[in-house]
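J.: Here the protein sequences come in this chain order: C and X. The opening residue of the first sequence carries number 777 in the numbering used here; numbering runs sequentially from there. The opening residue of the second sequence carries number 8 in the numbering used here; numbering runs sequentially from there.
Simulated from the structure, these hints should not be mistaken for laboratory data. Don't take every hint at face value.
Claimed, not checked - The list that follows gives simulated cross-link-like pairs (lysine-lysine, DSBU-like), each with its CA atoms no further than 30 Å apart:
#, chain 1, residue 1, chain 2, residue 2
1, X, Lys95, C, Lys981
2, X, Lys262, C, Lys892
3, C, Lys904, X, Lys226
4, X, Lys99, C, Lys904
5, C, Lys899, X, Lys262
6, X, Lys150, C, Lys899
7, X, Lys148, C, Lys892
8, C, Lys934, C, Lys989
9, X, Lys99, C, Lys899
10, C, Lys934, C, Lys919
11, C, Lys934, X, Lys95
12, C, Lys904, X, Lys262
13, C, Lys934, X, Lys157
Fair warning: this is a prediction, and the values are worked out from it, not measured in the lab.
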Amino acid sequence: MTFDYMAIWDNRDILIDGVLTTLLVSTIAIPIGIFIGIVICMMRISDNRMLRWSSIVYIEFLRNIPFLILIFLVFYALPFYGLRLSGLTTGFICLSIYGGAYFAEIFRGGIQSVSKGQFDASKALGLKYGFYMRRVIFPQLYKYIIPPGTNIALTMIKESSLLSMITVAELTYAAHDVNGRTFTPVETFATIALLYWLISTVFLKLTHLLQVKFGAEDTQDGLTVR
Amino acid sequence: MQTTEEYNVASRELNQEVLIEIRNMNKWYSDFQVLTDINFSVYTGERVVICGPSGSGKSTLIRCINRLEEHQQGDIVFDGIALTDELKNIDKIRSEIGMCFQQFNLFPHLTVMENLVLAPMSVRNLSRAEAETLGSHFLEKVKIPDQAAKYPSQLSGGQQQRVAIARALCMQPRVMLFDEPTSALDPEMIAEVLDTMEELAADGMTMLCVTHEMGFARKVADRVIFMDAGQIIEENDPVNFFDNPQNARTQQFLKQIFEH
């Protein structure tokens, strides 16, 4: 069997559009997911029972259903209640709220890793809640949350491939398209595997830099938390 | 160790202005009662040492005074302000009460100077220049003026605790609470922290200290409070407290401490 490079090359525009759509969905959904994660996490650790319970319901629901079912629910079920969203909009929303649930738990874990004494000292000095969270607690979180946060972000990039099921023309959808035209499954899917790997690797490099900036030491064997 | 005359309660007139008043205070952790019928007052300028076996509720008691712990019954009044759920009161009270912890609790991601200026700038609305002047002044006072640019992890335990004292002083508090400030320190560093605390006392600071340092209590305290099982068992001036304890549990506690 020969590797048909031309099948890929001839359809490069479709694949490039696919990569761009994957990047677009991810680069919008990841920051929104982080923002949702912060909000849900603050609710999760708040003293207000209502806020706490609604955040638990949110997290438990989204973590315990398959992502594919979430997008089907939004894309196919919501129209019955009069809410019809495009595939791309569904993609943004689902990926963001899905990632948000995981980010929330990561942030909560991070906050719990910061010693209780840091909260005591902040309160004893008379600092206000919002102020000490921002200036004392959050800056100490980065080293705890960047590694698991990176994992979730990578998972989000890869899960975005499921959006191909609801007509979003991202990379996996593009591959199906190319394969449909050329019937070269080996070439096509090997290529997009490589492209996903490339996207993930670049992303990992970026978070690696972030991690070094926030106090991990760059050593030969990778990163060590100081 | 003998009582130093200049610190002795007998030799100085205490102000009769009540700064902290605790009345019939009770506190539970779910079903377990940690503090029972606590009644005492601290006068302006007074130095009170609280001692007792571990688990007796000493730390919990002083943590209630600036609301790091909530009490369920009774009143805590600081300078006429009742400590309730009212956030405004809690903020006000906390900004007037300085506290030092066993584990120092410096902010590890900030330099010493940043640790010092954070609260004065945020709570007191001082400019950075004003706050840094204040910070330098108190670093000088705790005898580490040249460490301002360092991070807490670069300092010894004794130095860290002195920075923590300076950080609290930068808020110019009306009273200082100490929660076992020397318990996490190596023996050779305990002295430098106790010296700093003694100087603070000599400057007239009102102090409430939970500590096992009986030498410090004898030398500096106006009054020693002994707690056991969540209750105040005995309360006396240091001379009578150490030389003539009344309660059997106090006697036993002191015997155990001084046996070594």
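J.: Hint by hint, note whether the structure agrees.
T.: Verification of the supplied hints:
no.: 1; hint: Lys95/X <-> Lys981/C; result: violated, 47 Å
no.: 2; hint: Lys262/X <-> Lys892/C; result: violated, 34 Å
no.: 3; hint: Lys904/C <-> Lys226/X; result: violated, 37 Å
no.: 4; hint: Lys99/X <-> Lys904/C; result: holds, 11 Å
no.: 5; hint: Lys899/C <-> Lys262/X; result: violated, 37 Å
no.: 6; hint: Lys150/X <-> Lys899/C; result: holds, 26 Å
no.: 7; hint: Lys148/X <-> Lys892/C; result: holds, 28 Å
no.: 8; hint: Lys934/C <-> Lys989/C; result: holds, 26 Å
no.: 9; hint: Lys99/X <-> Lys899/C; result: holds, 11 Å
no.: 10; hint: Lys934/C <-> Lys919/C; result: holds, 24 Å
no.: 11; hint: Lys934/C <-> Lys95/X; result: violated, 48 Å
no.: 12; hint: Lys904/C <-> Lys262/X; result: violated, 45 Å
no.: 13; hint: Lys934/C <-> Lys157/X; result: violated, 43 Å
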